[in-house]
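Q: Put chain B on the given structure of chain A with help from the hints.
Line by line, the protein sequences give chains A and B.
If you're matching positions, the first sequence starts at 1 in our numbering and goes up one per residue.
If you're matching positions, the second sequence starts at 1001 in our numbering and goes up one per residue.
Just so you know, these hints were derived from the structure itself, not from any lab.
Values in this document were obtained by computation on a predicted structure and should not be read as measured data.
Do not rely on the hints blindly, as some may be mistaken.
To be verified - Result set (BS3-like, lysine-lysine): computed pairs, CA atoms no more than 27 Å apart in a straight line:
hint	chain 1	residue 1	chain 2	residue 2
1	A	K25	B	K1044
2	B	K1044	B	K1111
3	B	K1118	A	K79
4	A	K25	A	K79
5	A	K79	B	K1120
6	A	K79	B	K1117
7	A	K79	B	K1044
8	B	K1111	A	K79
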Amino acid sequence: MILFFWISLILVSLSVIGLLIRLIKGPSVPDRVVALDAIGISLVSIVALLSLIFETEFFLEVILLMSILAFIGTAAFAKFLERGEVFDRNSDR
Amino acid sequence: MTETAIVNGLTIIFISLGVIFSLVTALGLIRLPDVYTRSHASSKSATLGVLGILAGTFIYFWLAEGHMNSRLILAIIFLFVTSPLSGHLIGRSAYISGVQPTDLTEHDALKQVIAEKKRKQ
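Just chain A, with the same shape it has in the complex (with noise of 0.2 Å):
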């Protein structure tokens, strides 16, 4: 059982670079935004292993916090692309 998840986590860390690839050369601006938000996404499974591997459950406290940072620097990020800047007064659109 050890084995398999060492597996999974081998195939985990091989999309994380696969993602890195596209973080590094993407075309434009919203490409690498995309890739980061799949990373952190990825970065939560990669913790899920790790806990099931080392056989505690303390890790999963990180899970939920990750997802929550995940989520908002992709909003942060989209906004600031969409109206450069992240806080603004005037909401009319």
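A: Using the frame of chain A, we list chain B on its own:
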């Protein structure tokens, strides 16, 4: 003996589904030609991949180790809600900030609406 076999089988099925969808996400982000198709690959299949792995983790900790972890259910629901939402936000901001779709695109329904809105301002 058979109970542990059933638990291990369920865990292996869910985690294998999650890993396969994670690999499909990486393949889609490398191979697809455009921001919008890439965000489609990222938002849908990355969500399903992490949902599979988290469900396998929840089943293993509940049935094999004996303690149910409610924060994993909360994380599954949160990711299921917010990951397609972030894909939509990125696609919209990419269109408004002027990223062109690929040449293979046949119909662009949003072009007229954006042009009319810019003319009205």
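Q: May I ask which of the numbered hints given earlier this structure violates, with the numbers listed in increasing order?
A: none
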